[in-house]
Each structure stands twice: as C-alpha cells, then as structure tokens.
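Asks: If you want the building blocks of each chain, they are given just below.
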Amino acid sequence: MTLDLLTAGQSAVIRRVGGSGALRRRLMDMGLGRGVTISMIKVAPLGDPVAYNVLGYQLSLRKSEARLIEIEVA
Amino acid sequence: MVAHALTIALAGNPNVGKSTLFNALTGSHQHVGNWPGKTVEKKEGSLRIGGDDIIVVDLPGTYSLTAYSIEEIISRDFILLEKPGAVVVVVDAANLERNLYLVTQLMELDIPLVLALNMLDLARQRGMHIDVRLLSARLGGIPVVEVVGNSGIGIESLKEAIRSIVRRDFAGSVHIPYDEAVEAELPALEQAVGNAGFARPRWMAIKLLEGDLQVMDQVAQNGGGALVAAAQAAMARIEAATGEDAETLLTDGRYQFIMRLSDGVLTRSIVGRTASERLDHVLTHRLLGLPIFLLMMWGVFQLTANVSAPLVDWMDGVVNGIFGRWVAALLSVTGLSGTWVESLLVGGVLAGVGGVLVFVPVLMALYFAIGVLEDSGYMARAAFVMDRAMRVVGLHGKSFLPMLVGFGCNVPAVYATRTLEHEIDRKVTGFLVTFMSCGARLPVYVVVGSAIFGAQAGNLIFAMYILGIVVALVTGFVLKRGVYRDQPPQPFVMELPPYRAPRLRDIWRQMSNRTGSFIREAGTIILATSVVIWLLLALPVDGQSAFDDVAPEQSAFGALSQAVAPIFAPAGFGNWQATGALVSGVVAKEVVVSTMNQIMIGESLQAGATAAEADAPSLLDDLGEIGTSLVETAVLTVQETINIVPRTLNLIPGLGVPEVTLLDTGAADDTTALEASLARLFTPLSALAFTSFVLLYTPCMTTVAAMRQEFGTRWALYQVVYALVVAWAVAVLIFQGGRLLGLGG
Numbered sequence: 001m002t003l004d005l006l007t008a009g010q011s012a013v014i015r016r017v018g019g020s021g022a023l024r025r026r027l028m029d030m031g032l033g034r035g036v037t038i039s040m041i042k043v044a045p046l047g048d049p050v051a052y053n054v055l056g057y058q059l060s061l062r063k064s065e066a067r068l069i070e071i072e073v074a
Numbered sequence: 001m002v003a004h005a006l007t008i009a010l011a012g013n014p015n016v017g018k019s020t021l022f023n024a025l026t027g028s029h030q031h032v033g034n035w036p037g038k039t040v041e042k043k044e045g046s047l048r049i050g051g052d053d054i055i056v057v058d059l060p061g062t063y064s065l066t067a068y069s070i071e072e073i074i075s076r077d078f079i080l081l082e083k084p085g086a087v088v089v090v091v092d093a094a095n096l097e098r099n100l101y102l103v104t105q106l107m108e109l110d111i112p113l114v115l116a117l118n119m120l121d122l123a124r125q126r127g128m129h130i131d132v133r134l135l136s137a138r139l140g141g142i143p144v145v146e147v148v149g150n151s152g153i154g155i156e157s158l159k160e161a162i163r164s165i166v167r168r169d170f171a172g173s174v175h176i177p178y179d180e181a182v183e184a185e186l187p188a189l190e191q192a193v194g195n196a197g198f199a200r201p202r203w204m205a206i207k208l209l210e211g212d213l214q215v216m217d218q219v220a221q222n223g224g225g226a227l228v229a230a231a232q233a234a235m236a237r238i239e240a241a242t243g244e245d246a247e248t249l250l251t252d253g254r255y256q257f258i259m260r261l262s263d264g265v266l267t268r269s270i271v272g273r274t275a276s277e278r279l280d281h282v283l284t285h286r287l288l289g290l291p292i293f294l295l296m297m298w299g300v301f302q303l304t305a306n307v308s309a310p311l312v313d314w315m316d317g318v319v320n321g322i323f324g325r326w327v328a329a330l331l332s333v334t335g336l337s338g339t340w341v342e343s344l345l346v347g348g349v350l351a352g353v354g355g356v357l358v359f360v361p362v363l364m365a366l367y368f369a370i371g372v373l374e375d376s377g378y379m380a381r382a383a384f385v386m387d388r389a390m391r392v393v394g395l396h397g398k399s400f401l402p403m404l405v406g407f408g409c410n411v412p413a414v415y416a417t418r419t420l421e422h423e424i425d426r427k428v429t430g431f432l433v434t435f436m437s438c439g440a441r442l443p444v445y446v447v448v449g450s451a452i453f454g455a456q457a458g459n460l461i462f463a464m465y466i467l468g469i470v471v472a473l474v475t476g477f478v479l480k481r482g483v484y485r486d487q488p489p490q491p492f493v494m495e496l497p498p499y500r501a502p503r504l505r506d507i508w509r510q511m512s513n514r515t516g517s518f519i520r521e522a523g524t525i526i527l528a529t530s531v532v533i534w535l536l537l538a539l540p541v542d543g544q545s546a547f548d549d550v551a552p553e554q555s556a557f558g559a560l561s562q563a564v565a566p567i568f569a570p571a572g573f574g575n576w577q578a579t580g581a582l583v584s585g586v587v588a589k590e591v592v593v594s595t596m597n598q599i600m601i602g603e604s605l606q607a608g609a610t611a612a613e614a615d616a617p618s619l620l621d622d623l624g625e626i627g628t629s630l631v632e633t634a635v636l637t638v639q640e641t642i643n644i645v646p647r648t649l650n651l652i653p654g655l656g657v658p659e660v661t662l663l664d665t666g667a668a669d670d671t672t673a674l675e676a677s678l679a680r681l682f683t684p685l686s687a688l689a690f691t692s693f694v695l696l697y698t699p700c701m702t703t704v705a706a707m708r709q710e711f712g713t714r715w716a717l718y719q720v721v722y723a724l725v726v727a728w729a730v731a732v733l734i735f736q737g738g739r740l741l742g743l744g745g
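Protein chains in written order, with my numbering: chain F, 1 to 74; chain A, 1 to 745.
No lab work stands behind these hints, which were simulated from the structure alone.
Note that the structure is a prediction, hence the values are computed from the model and not measured.
Per label pair, the in silico range of CB-to-CB distance:
(1) A:Arg481 <-> F:Met1: 25 to 35 Å
(2) A:Arg647 <-> F:Arg15: 46 to 56 Å
(3) A:Asp486 <-> F:Arg15: 28 to 38 Å
(4) F:Asn53 <-> A:Lys38: 26 to 36 Å
Here a beta-carbon is modelled for each residue, glycine too, at the ideal position from N, C-alpha and C.
Using the sequences and the hints given, assemble the complete structure.
Replies: Written out as structure tokens, the structure reads:
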C-alpha cells in the first residue's frame, strides 16, 4: 500500500520511493529511504497535508506526495 | 608569504541553530546581502582566532547538496569554487540521523570538516544520549565539538578546532561504502574522471552515477562527453544487475552508513510526550488550527500596519519638518537660502531620505514578527494549516502572510516572501502582493469616494479591496498555469521543527541586518526617483518661468502629464490633473491626494518648509520637539498595541468594543475644497475607473526597489509593465463597460 493510506498512529516500513526528478530526490534527502520506519501523526485541519514521524523528526507531506511512497505496515 | 584572510563556511540543515552559532562566532561583524544574482540571502561575518582573521560565510540552510534547489547549488558551488579552508557543519543533536545525511555529502567533497553538535540539551530532554568521541572516530576522526549556540558554551573549543583543522593537512575522511554493484563501477569511472583532468574523482564519479544534471552538463561542456556516456552505461549495468537505479542505491548507501554509525553512538530512552508535541496538538488542531492561524496573521498585520504607524509619522515629521528647517538654516549661513539648491536639498534629497526612513519602523515590525514566527517553529505550522486553501490558486501555504501584510504596506510584503522556500513561489508571491490594496491607497478611495459617492463611499472602498484580491489571484493562476506551466510542481515536503522560545537576540540581529540592507540597496533608487520628480517639477517648459519657480502646469511635470493624459481618455479620466496625480503616485501612493490638492487648489505641498521661513524655531526648540514627539510616539505605539485587542474583538459583528485613546492627535486633514473640485472632474463611472487604476497600477517606487533587491531588475520591470497594462485594461473595461450598460459617462 502507499503512505497516504496510513491512519493516525499507525506505523509502517518504507519499501520504495516513487516519483521522479526533484521531488523524488527531495523525498529521499529528507530521510524517506528503503527500510526506514515511518508513522502518521495527523492530518492538517483542511484535510491535507499530513504530518509524519520519521527518523525522530516531524515531516509534512501532501497526500499527492505520500502516494508515491510504497510501504508495508508492520 | 602574503598574509591573506582565510575563509570558512558554515553549513547545516534549516532549524539547527546555524544563525545563532553564526552570531556567536562573528558578533556584530556581519554583512547581509544576497548571493550574486540570486534571491537567497547571504550572510558574511568575520572573527579572529589567535592572530588570524577569518571570514565566515553562512551557507543557506539545506538538507542535501543536489542540483535541484538554488540554495543547494549555491552551497555546493561555494565549496567547490571558493574552496573555503574548512566547513563547519552544524548538526542538531536531537535530530542526529537526518542531519548526518548532509554530513555524508560534505565528506564526499573531500574538504576539511568540523562538526558542531548543537542542541545537546534538547536531545537529552528527549532521552537521547550521544557518544561524541565514538561519533568522531566513526566519521574518520573529524573534530566533533559540542556547542550550545545561544549561551556561548563550546564556542572557544569550536574556534580551536577550526584553527587546528585549517592549519594541518587534511587527511581526508572515511569513504562511504556503497552497494557492490555501485562499488564495482566506481574505480573505473574515478580513473576516467581523473584522466579527463577533473578534480575530486570519487565525488564526481558518484555524482555522474546519480545523474546529477549540473555535474553532467559541466563535464560535457569541458570535453567529457565520453565520460558522461561511460557513466550512463555504468548506470544501465547497475540497474540491470540490481533492479534498482543507481540514485536509489547511492542514497540507501548513505543512510545505511548513518544507521551503522549511529548504532552505539546514539542511545534513546523512552520519554513521554514533549511540551512541543502537546503545544502542537492545540496549534494544528482539527478545529482550532485555522482560527489560531488567522488570529496570528491578524496580529502580524496589526503590528506592521498600525503599531508601527506612530513611529512612521514621527520619522516623517523629524526628517521632512525639522531636518528641513536645519538644512534651510545651514544654507542661509552660506547665502544659498531661497535658491534652487535649498529646494533641491529639501524638496528632492531630504524628501527622498524621508521616503526611505519612514519604512524603517514598518520593516522592523515585519522582521520582528517573521523572526518570532520562524524561530518559534510556528511558520512551518502556518504553512501546514493553510497549504490546502492556498494551493487552489497555485500558491504555497506560506504565501498567505506576504499577501496579508500587503494590505498594510506592499514593501514589507515583498520582503515577507523570504519565508518561502522555493524561488518560483517567492517570485510569484512577490509579483502579486502589490495588488493587495495598501494603507497608502486608502486615502484616495476615501477622498474620491466621498466627493463622488457621498455616503456610498464605503462600498467603493470595499469594492477596491475585493478587486485587488481578485486580480492577485488571477495573476497567480496565470503565472503558475501559464509562465511556469512546464515547471514541475514544487514539492511541499517540509520539516515541522519542534517549538521553542524565540531567541530575541538573534531576531534583533536579523531585524537590524535586513533593515540595514534595505536602506543600502533600496535607498539609492528611492533617492534618485525623488530627485527626478523634483527636477521635473522645477524645470519650466513655457519659456517664461524661471527654474524652480514655475506653476505645475508649466513645468516638465505638467508637460509630461499632459502628454500622457490622452492614454486615459478611454478610461474616462483623460485630463492632465488626474494624470499628474497618478504620475506623482509612482513615488508614493500617499502623494496622490496631496498632488491633487496642489494641482487643483494650489495648496502648497511644502507647508512645513514655508512655515519655517516665517518664524524659524531655535535649535533648542527643535531638539525639544524631537524629544516630546518621540514621547508622544511611544505613547501612541502603546495605544496601538493595546488597541489590537478591541480591533480583534470588533471583527465579531455587533460587538462594539471601544478603542483606547491615550493621546488625541487632532482632526484629520481637511479635504472639503478638494472634494468640491473632484466632483466637477469625475463622473461616478470615471471615478470608479480612476480608483481602480490607482489600486492596480505600478506600485510605489519603494516597492519596485524592494522587488529589484529581492528578485532582480528584470522581474521588477516585468511587474511594473504588467501592473500598468492590467490597471489600464481594467479601468477602460469599467468605463466602457459601464457606458455600454447605460450607466452614464
């Protein structure tokens, strides 16, 4: 499944980072690599973007960006 | 050997306390400007270590060193081309793993590195323990120094580490091992890079495998076409062997290196929810998040628009009134009193200086507000809360603040775009903030509105604000969907840093640095424009009047207005009086009303200057006046600060909380005479067209100067031309459309 489907409090392991070019590079630079554990914190008041916990810090992604990341729920 | 100043660079992720450390190292020896030709701020400072003078360059905060963002390219190019003696990489101890990612990239550049481990106190609070000696050892022996930037702890050790590293030969740090398939290709590629005569073979080989566009271009242009082809063949082999692209494998390699490294270096114990997390629960709450955001933004608006206003008036009074009298008094000693020299100095130069200085309180207020929002960590949440709504019009969540500030004044609004991360977002937002109806345009609507529409003036004012917003949103849409159609969407991917108390010392430093660079860089243009306008008004074109003693109609200014006027005929205000007001409005929108006064009723603009001739107060009187008016200003500032509360409460309809009046500033200017002549000049339709034009046309020269400083001359020119065209088109559309609908001419 993809990261945007993760619900609040749930965590998962990243399997693959999709997308291309600057966006993909940026996602990987921010710590979204294979095997990294990520958990979902909350959705913004207007329904998008979403806040995640990864490598011990908080990262916010738009749902369209989270959709590019394949995960496996632990 | 010739003694030369040594340069070191400061690198690090955003929000790691890099600015604090930069301030702690360089103190007040700083210079703030922009990187050449870029919209990115460059900070440079100096310090002495032992007997050496060292220049410290603060590189933009980045997470990585790729070729995809200007900040990263700037940092990388600086390191590669300027070859600093050492790079101090600031690392947030509470966020070690992600911060080490940048460190791995710097290690590959083969430059002397010092790692400054900041925020260890925060890390401990979060139950993290870091073995500093083991960390240094696993990074190949690069010095790791613990610092607490805001208390000065560790600064001396850091200086010592810098000194020792720039003196000894750099041994090189450890190599990051990559996937077998990648390592199999690297030696041959490195060899080929070396043979082609490029420096840093391993780094270059890695970047080629990564498909780094900037490096590939550079290699290809320097006769390395075969090298690029070899790299591409290697990439294909790697992908065939592993089923993964080389870029992914390289990134994986770096993170695996970090994970192995942190094992044993970093130990975590479980702690409960931190204060920051509890705060975040409220500030980005599903229901409360948006109201809190709007309240914060309203506070910023009040601060820039109202709280700074008394100081602006004081500055204006001192420069144009009292300084004007002093200049006149000085000139009378030299016998130049009453000549064109006095007129040039008072009406041209001093007016220009005043034009620059009046913005100082506004910008200080803005930079204070931005400093608090950014330093506390709230700015990222503001973008988080607002992004969804702003994206509908193609903008970023952080575009909201500059647009709102624009309602107070467009100048700080342009500078407020600095909070946006991506250059395109910055430029697009900067392009459209000028359509936000600023405070200086309001008097025009009020005077024209009450002259033509009487009690309905309020509707006109409201319509103007709405029109500005609509034009801004349409412009943003056109830019994003038209001009930047082919640009990939800017990633939102943003860190939400932990909250912390804003550090006032750093904020103050940023306020004064940035305001100083405004005075230096925007000041010249403003001064020049002011002198040009003075010259136009002083130059006679009728062949009879003397220089600097000419009625507006007979001056070059009048001739210019008359020549331009026919352009506005289709919009219903093709007379030279309205045009003249618009021409002078290019200087500052608040001049539109006073120019109309001057032209139509012959009232002098320089009321202060003429009063001075009649009865000149003594120097002591003047100094006394500066003092008392400053006290009054302080009282008024307090009053405006208190009044934020009733003004905010009064946003709720039906709630009439009275505002506090600590000091009565007297009645507003009397404009009844002007209104009478305006009623003869305008019809309701042409008045509507005129106010729309005033709203939309060329922003004032200070805003143009600010845009030039932030986005470059070309972008500022595009904006000026665009605004003129749009303003004219809208005015004509209103006038002609209205006539077609039979609303009368």
